[in-house]
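S.K.: Residues per chain are reported as follows:
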Amino acid sequence: MLDVKDLTIEKAGKMMRNGELTSIGLVSACLKNIEEKNKELNIFLEVFSGSAFGGDDALEQAKKADEIIKSGKGGKLTGIPIAIKDNILINGRKVSAGSKMLENYTASYDAFVIKKLKEAGAVLIGRTNMDEFAMGSSTENSAYGPVKNPFDTSRVPGGSSGGSAAAVATGMCLGALGSDTGGSIRQPASFCGVVGMKPSYDIVSRSGVMAMASSLDQIGPFAKNSEDAKIIFDTIVGKDEMDSTSVDFTSQSFSSGPRSGPRPLGKALSGSVIGVPREWLKDGVDKEVLENFEESLEKLKKAGYKIKDVLLPYSKYALAVYYILMPAEVSTNLSRLDGVRYGLRKEGENLPGRQAGVFDTYKKSRSAGFGAETRRRIILGTYVLSHGYYDAYYNKAWKVRHAIEKEFENIFKDVDFVMTPTTPTTAFKFGEKSDPLQMYLSDIFTVPANIAGIPSISIPSGFSKENLPMGIQFTGPLFSDESLFAIEKDLRENK
Amino acid sequence: MDIKDVENLAELAKIELTDKEKENLLKDMEEILGYVKQVQEVETKDVEPSYLNKNVWREDLPASSVFSKDLIIDQFPDSKDGFVKVKKIL
Numbered sequence: 001m002l003d004v005k006d007l008t009i010e011k012a013g014k015m016m017r018n019g020e021l022t023s024i025g026l027v028s029a030c031l032k033n034i035e036e037k038n039k040e041l042n043i044f045l046e047v048f049s050g051s052a053f054g055g056d057d058a059l060e061q062a063k064k065a066d067e068i069i070k071s072g073k074g075g076k077l078t079g080i081p082i083a084i085k086d087n088i089l090i091n092g093r094k095v096s097a098g099s100k101m102l103e104n105y106t107a108s109y110d111a112f113v114i115k116k117l118k119e120a121g122a123v124l125i126g127r128t129n130m131d132e133f134a135m136g137s138s139t140e141n142s143a144y145g146p147v148k149n150p151f152d153t154s155r156v157p158g159g160s161s162g163g164s165a166a167a168v169a170t171g172m173c174l175g176a177l178g179s180d181t182g183g184s185i186r187q188p189a190s191f192c193g194v195v196g197m198k199p200s201y202d203i204v205s206r207s208g209v210m211a212m213a214s215s216l217d218q219i220g221p222f223a224k225n226s227e228d229a230k231i232i233f234d235t236i237v238g239k240d241e242m243d244s245t246s247v248d249f250t251s252q253s254f255s256s257g258p259r260s261g262p263r264p265l266g267k268a269l270s271g272s273v274i275g276v277p278r279e280w281l282k283d284g285v286d287k288e289v290l291e292n293f294e295e296s297l298e299k300l301k302k303a304g305y306k307i308k309d310v311l312l313p314y315s316k317y318a319l320a321v322y323y324i325l326m327p328a329e330v331s332t333n334l335s336r337l338d339g340v341r342y343g344l345r346k347e348g349e350n351l352p353g354r355q356a357g358v359f360d361t362y363k364k365s366r367s368a369g370f371g372a373e374t375r376r377r378i379i380l381g382t383y384v385l386s387h388g389y390y391d392a393y394y395n396k397a398w399k400v401r402h403a404i405e406k407e408f409e410n411i412f413k414d415v416d417f418v419m420t421p422t423t424p425t426t427a428f429k430f431g432e433k434s435d436p437l438q439m440y441l442s443d444i445f446t447v448p449a450n451i452a453g454i455p456s457i458s459i460p461s462g463f464s465k466e467n468l469p470m471g472i473q474f475t476g477p478l479f480s481d482e483s484l485f486a487i488e489k490d491l492r493e494n495k
Numbered sequence: 001m002d003i004k005d006v007e008n009l010a011e012l013a014k015i016e017l018t019d020k021e022k023e024n025l026l027k028d029m030e031e032i033l034g035y036v037k038q039v040q041e042v043e044t045k046d047v048e049p050s051y052l053n054k055n056v057w058r059e060d061l062p063a064s065s066v067f068s069k070d071l072i073i074d075q076f077p078d079s080k081d082g083f084v085k086v087k088k089i090l
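So the sequences go chain by chain: A and B. The working numbering applies: residue 1 is where the first sequence begins, and numbers increase by one. The working numbering applies: residue 1 is where the second sequence begins, and numbers increase by one.
Keep in mind that the hints were calculated from the coordinates and are not lab data. Using N, Cα and C, we set each Cβ at its ideal position, and we do this for glycine too. Mixed in with the good hints, there may be bad ones.
Beta-carbon label-pair distances, calculated as ranges [stated by the list, open to error]: (1) A:F463 - B:R58: 26 to 36 angstroms; (2) A:G388 - B:E43: 22 to 32 angstroms; (3) A:E432 - B:E59: 46 to 56 angstroms; (4) B:S65 - A:K287: 36 to 46 angstroms; (5) B:E59 - A:E347: 52 to 62 angstroms; (6) A:K287 - B:R58: 23 to 33 angstroms; (7) B:P62 - A:H387: 50 to 60 angstroms.
If you want the ones that stay clear, here's a sample from chain B, every Cβ over 12 angstroms from chain A, calculated [stated by the list, open to error]: (8) E21; (9) D60; (10) A63.
Some chain B residues judged to face chain A by a derived CB distance under 10 angstroms, without partners named [stated by the list, open to error]: (11) V6; (12) D28; (13) Q40; (14) S64; (15) F67; (16) V86.
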């Protein structure tokens, strides 16, 4: 049978257009991988396979894709199996954000990114497991059990998009969508040895994606390499009137550091300057991760990049800012989950006198439907937004956020990219980070890009002695997304 | 912070907590707030917290909806005649 692990979206697409491969053959191979490994790894919450799905069944989608390809109208994603994180709405399909609250919820419309994938003829193969409401860095907060890291099943795949990352790593699909609010695409990409990218804020519509923190959320691609990731990226970007923060990416101009203009994929970025914030790497980073990082720097130098130390003092506070602003937005966004219009309802009591019985419904439904981490963040958000603390926490965090945005803007006058390891460690063991703050600290390198709204990519950079994947992260100025894809290609070709 | 504060927050957020959950949350909150309050030491004179939001307008004209009204109504946990049914409000 076809070895999906060897295939890329680019290669599979060419083979299908040449008649050497059919989408049905490709999707069947993926479904077989899922059948063999999903029970153990718990990657997919639901696979769109079976007569119950009617025309939405993955093989039915593949059949339609084959017809499109035969007619000569196939594009780069036609017939390509893509996995979708469980917080992205697909019309008529269940979508639960990894929660009990929305266990049986059925989406009533397509997310913008889903519309774009469908238009491109992609095959949506299933919805992937995640930390509940995208809150977590390990999938241990999923209401359906965690995902196991395919490289070591005693370890986490990362989160919150752990399922999507692992799906690509195990050949269950050729690409996947995830969401990244503080690192939820890049960190699992690093732990699972795949490429994961967070686009510039506002170039991918958030319409139809369950909101976590609206000023930070972005949807992005997982794939085996940057060309594949870029194919997905090109498909999902777009201005959408349903997301009023969205802009038309293709019409944005940007200046990538001292040299301006987009760099086409494939063109070596020789001469580009990479900034390394050495201060950030002083404590808390695994020795092996640091060694791998230094090796990567050497490879980049050989490929013609220049390396420069940079100082980013404000960005040191990005994680603290994140854990004020994000819970605040979460507490607001999740207030719609009250058991009234959708989701789990645990009926409350009609209370005596003038008390509103419906409040009791809210309390019982929310307590039954939300896991511990979700409640923790809602309470934290409620605190920082409450009277008396609003100024000291929420407003102050916004001011520091602006200082961080400005700091990145300024640093990109001196360097083209900022580079760090994606995470301070390799994949940790289940239960290892039982203390919430310890878990939060695993996002220390990924969070600044979300705070500043700028694009960032995690690229596989090797394996540890225990055969665990490691990743390096590149962050660029606003709208420099295409340059980020080019770096991975450079590194791959300059091995 | 003390347990009463956690209880007040839970009341605001409309979440019911057991005593054990309140104790754990108190511990968590103290730890997390202890970390995030470092933002207060950052010098941010003259920076106004201008949020990202700006108004984006459209004409006040009805547009056809892309979602299935029936599917939405079907999912009301309790409904009558197409209306959501809840416990008393007033």
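S.K.: Taking the hints in turn, state whether each one holds.
M.R.: Hint by hint, here is what the structure shows:
{"no.": "1", "hint": "A:F463 - B:R58: 26 to 36 angstroms", "verdict": "51 angstroms, violated"}
{"no.": "2", "hint": "A:G388 - B:E43: 22 to 32 angstroms", "verdict": "23 angstroms, holds"}
{"no.": "3", "hint": "A:E432 - B:E59: 46 to 56 angstroms", "verdict": "54 angstroms, holds"}
{"no.": "4", "hint": "B:S65 - A:K287: 36 to 46 angstroms", "verdict": "56 angstroms, violated"}
{"no.": "5", "hint": "B:E59 - A:E347: 52 to 62 angstroms", "verdict": "42 angstroms, violated"}
{"no.": "6", "hint": "A:K287 - B:R58: 23 to 33 angstroms", "verdict": "55 angstroms, violated"}
{"no.": "7", "hint": "B:P62 - A:H387: 50 to 60 angstroms", "verdict": "39 angstroms, violated"}
{"no.": "8", "hint": "E21", "verdict": "8 angstroms, violated"}
{"no.": "9", "hint": "D60", "verdict": "14 angstroms, holds"}
{"no.": "10", "hint": "A63", "verdict": "9 angstroms, violated"}
{"no.": "11", "hint": "V6", "verdict": "7 angstroms, holds"}
{"no.": "12", "hint": "D28", "verdict": "5 angstroms, holds"}
{"no.": "13", "hint": "Q40", "verdict": "6 angstroms, holds"}
{"no.": "14", "hint": "S64", "verdict": "12 angstroms, violated"}
{"no.": "15", "hint": "F67", "verdict": "4 angstroms, holds"}
{"no.": "16", "hint": "V86", "verdict": "5 angstroms, holds"}
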